[in-house]
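*Asks:* Heads up: the protein sequence lines correspond to chains A and B, in order.
Be aware that the first sequence starts at 15, since it is given in the working numbering, and climbs by one per residue.
Be aware that the second sequence starts at 2, since it is given in the working numbering, and climbs by one per residue.
It is possible that some hints are incorrect.
Looking from chain A toward chain B, a few residues come up when the C-beta cut is under 7 Å (computed) [as the list claims (entries may be wrong)]: (1) T32; (2) K59; (3) V73; (4) S74; (5) T95.
Beta-carbon label-pair distances, calculated as ranges [said to hold, decoys possible]: (6) G61(A) to R83(B): 15 to 25 Å; (7) L22(B) to A91(A): 20 to 30 Å; (8) L84(B) to L100(A): 48 to 58 Å.
These are calculated hints, taken from the structure and not from any lab test.
Keep in mind that this is a model prediction, so the values were computed, not measured.
Virtual Cβ for every residue (Gly too), placed ideally from N, Cα, C.
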Amino acid sequence: MKKVYNVHTIWLLMIVLTLSTYLMGQQGLSGIAVVLFLLFTAVIKGGLIIRDFMELRDVSFLWRAIMYGWLWTICIAIAVTYIIGL
Amino acid sequence: MTTAINNTEPKLLPGDLAIWLFIFMELLVFGIFFIAYAVMRLQNIEMFNHYQLTLNRELGAANTLLLITSSYFVIRAVQAIRLDNIQQCIYWLYAALAGGTGFLILKSIEYMDKFSEGISLTTNTFYMFYLSLTMFHFLHVILGMLILFAVVIKAKRGNYNSQNHTGIETGASYWHMVDLVWIILFPLVYIIR
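Bound conformation, chain A alone:
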């Protein structure tokens, strides 16, 4: 598992997630499920950057709480406004 989960595969995963985001945009898809999927994709990518690129996986809880808290707060706030508007 450790061999598969590394910076190379994380980079590849983020490329695939970006392409999926782009394709969903190209299809002109909308609706609650699509908005949530796109934001969840952003959360996954952001989480990978924070955890593995910024290397915050083993730092103290405070720093991780600030970074993950920012990511989740922004995405949940965006999701709420989009759901209200649907």
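Got chain A sorted already, so can you dock chain B onto it with the hints?
*Replies:* Coordinates of chain B only, in the frame set by chain A:
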């Protein structure tokens, strides 16, 4: 009396603490910007949905790929210096800078296209947010590249090694922040409707 070594002690933040305080401030500003965009869209949903379609999604997606890949190159540079491989570290940093340059070129093409159509900050609320958000991020890409360039110069002078590479981690952390912000900005402004 023996002193036990606590292996579960949390690690310190990579790089200089000052850059992290700067990063937290930057994220706060971008976060307010993102939420303001989403709230303003609520009051102008049709207009935002209409003008969002005028944006070049291909360039937006290409820029996302460039920043993610550039971030990947930076983490390779950090890994290289930890192995005392200074030359490899410099190559990866140059590759990261190339990714940043590619981002700036594509973004400039996008702006030229919009400006040639007479679009400006005052055209409407959507373009005000699109231009100010992306230009604010554009400036951060430039700042990130200047930091990485300074790191390259110091690396070439032999200032870094496996024991001392805080400067590289500092530049890398800032560059990843630039990437992190774009990860939210791209779907928010270009895709989600």
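*Asks:* Decide, hint by hint, whether the structure agrees.
*Replies:* For each hint, the structure was consulted:
1. The beta carbon of T32(A) comes within 5 Å of a beta carbon in chain B, closer than 7 Å, and the hint placing it at the interface holds.
2. Because the closest C-beta pair between K59(A) and chain B is about 5 Å apart, less than 7 Å, the hint holds.
3. Using the Cβ-Cβ criterion of 7 Å, the hint placing V73(A) at the interface with chain B is satisfied: the shortest such distance is roughly 5 Å.
4. At its closest, the beta carbon of S74(A) sits 4 Å from a beta carbon of chain B; the interface hint therefore holds under the 7 Å criterion.
5. This hint holds: T95(A) has a C-beta 4 Å from the nearest C-beta of chain B, less than the 7 Å allowed.
6. In this structure the hint that G61(A) and R83(B) lie 15 to 25 Å apart at CB holds, the actual value being about 23 Å.
7. Taking the beta carbon of each, L22(B) and A91(A) are about 23 Å apart, inside 20 to 30 Å as hinted.
8. At roughly 51 Å, the beta carbons of L84(B) and L100(A) sit within the given window of 48 to 58 Å.
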